[in-house]
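If you want the building blocks of each chain, they are given just below.
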Amino acid sequence: GAVVSQHPSRVICKSGTSVKIECRSLDFQATTMFWYRQFPKKSLMLMATSNEGSKATYEQGVEKDKFLINHASLTLSTLTVTSAHPEDSSFYICSASPRPDGNQPQHFGDGTRLSIL
Amino acid sequence: KQEVTQIPAALSVPEGENLVLNCSFTDSAIYNLQWFRQDPGKGLTSLLLIQSSQREQTSGRLNASLDKSSGRSTLYIAASQPGDSATYLCAVTYRREGGSEKLVFGKGTKLTVNP
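If you read the sequences in order, they're chains A and B.
Converting from the first sequence to the numbering used here requires adding 811 to each position, the first position being numbered 1.
Converting from the second sequence to the numbering used here requires adding 231 to each position, the first position being numbered 1.
Treat each hint with caution, since some may be false.
[What the hints assert, rightly or not] Simulated crosslink set (SDA-like; lysine to any residue; CA at most 20 Å straight-line):
1. A/Lys853 to B/Asn253
2. B/Lys333 to A/Phe878
3. B/Lys273 to A/Ile823
4. A/Lys853 to B/Pro239
[Claimed, not checked] Computed footprint of chain B on chain A, listed as stretches where at least three residues anywhere in the stretch have a Cβ under 8 Å from a Cβ of chain B:
5. 855-865
6. 918-925
Because the hints were derived from the structure by calculation, they are not lab data.
Every value quoted in this text rests on a predicted model; they were computed, and no experiment measured them.
The beta-carbon is built from N, C-alpha and C at its ideal position, and this holds for glycine as well.
Looking at chain B on its own, in the form it has when it is part of the complex:
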């Protein structure tokens, strides 16, 4: 059974600080890994998608890495801003018997960036 764990559960940092969010998964047979942002009471916004054959993806101040063999991913946020405050979710996609795909999510890391 695929399980996704995110550490820490919550993080509070001063504005401008660089930070790292961690994600681990138990089954390395994944198609891809995604990082999402969720604002309170809202849906999910996809930030970065890393295919299983890739090692990292970058978008602006965000960089996500993937080490499939060890079942780990990190999301690096550079020069954090108060607007980055949100819950960050990690999810892996894998294919089940029968061909359907399934996303399995971690519980998220709640980030607060203080001005």
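If we strip away everything but chain A, and leave its shape as in the complex, we get:
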């Protein structure tokens, strides 16, 4: 089945550090990948939709300059949290679909737990 790999699984770093999270589709090509954020006891919230070869589409309220997304190939999207602060601590999850047309399920990575000290 379709596998999405997310790395790293956990990051602990100091305030002001920039952190890069990778999302890879291992056995399929993904023209579109999605980045979500999950707070404790809250719903997963879509942050942005990452399109291969073009700019990401950000959801309302998500800072583009804070959360940089690059989708340079059909199998890799990266999310960089720039100058991270404690309020950026959260669980970040990516997903990808072989065909983003609503008829194929999105396949999710295992998530990245980001803790900013």
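Here the structure of chain A is known, so what remains is to put chain B in place on it, guided by the hints.
Frame of chain A; chain B shown alone:
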């Protein structure tokens, strides 16, 4: 604005019991509805996907129903086992202006199956 609500927020049952998790959504113009399982600190595993034209889907001990007109879905788990303990998330997919798709999630139901 699409909103997804899951009831109950938490459920604790003895092993072997059959149970039902509920999901409701406010906008019936959906492409599909999915049920996911999330273990603590982990990503999501897709359990069942129901297309908007379908009424139910079954996989093993799991059965999910969809009533699009009333904005409701249920996940039925038969003969529950301790290994079923996890958070179950409901999500609907819909298309926005411009053609992009979006998944909207509920907050989940945390299930504990006691041996």
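Given the hint that lysine 853 of chain A pairs with asparagine 253 of chain B, test it: the Cα-Cα distance must not exceed 20 Å. 17 Å, holds
Does the structure keep lysine 273 of chain B and isoleucine 823 of chain A at a Cα separation of 20 Å or less? Roughly 17 Å separates the two Cα atoms, so the pair holds.
Count the residues of the stretch 855-865 of chain A whose Cβ falls closer than 8 Å to any Cβ of chain B, and tell me whether that reaches three. Coverage by chain B holds for the stretch 855-865 of chain A (4 residues, Cβ < 8 Å).
20 Å limit on alpha-carbon distance, applied to hinted pair lysine 853 of chain A and proline 239 of chain B: 14 Å, holds
Just to make sure I understand the rule, a stretch counts as covered if three or more of its residues have a C-beta closer than 8 Å to a C-beta of the chain. Does the stretch 918-925 of chain A meet that for chain B? holds (count 6)
Straight-line Cα separation of lysine 333 of chain B and phenylalanine 878 of chain A no greater than 20 Å? 19 Å, holds
The earlier numbered hints are all upheld by this structure, with none contradicted.
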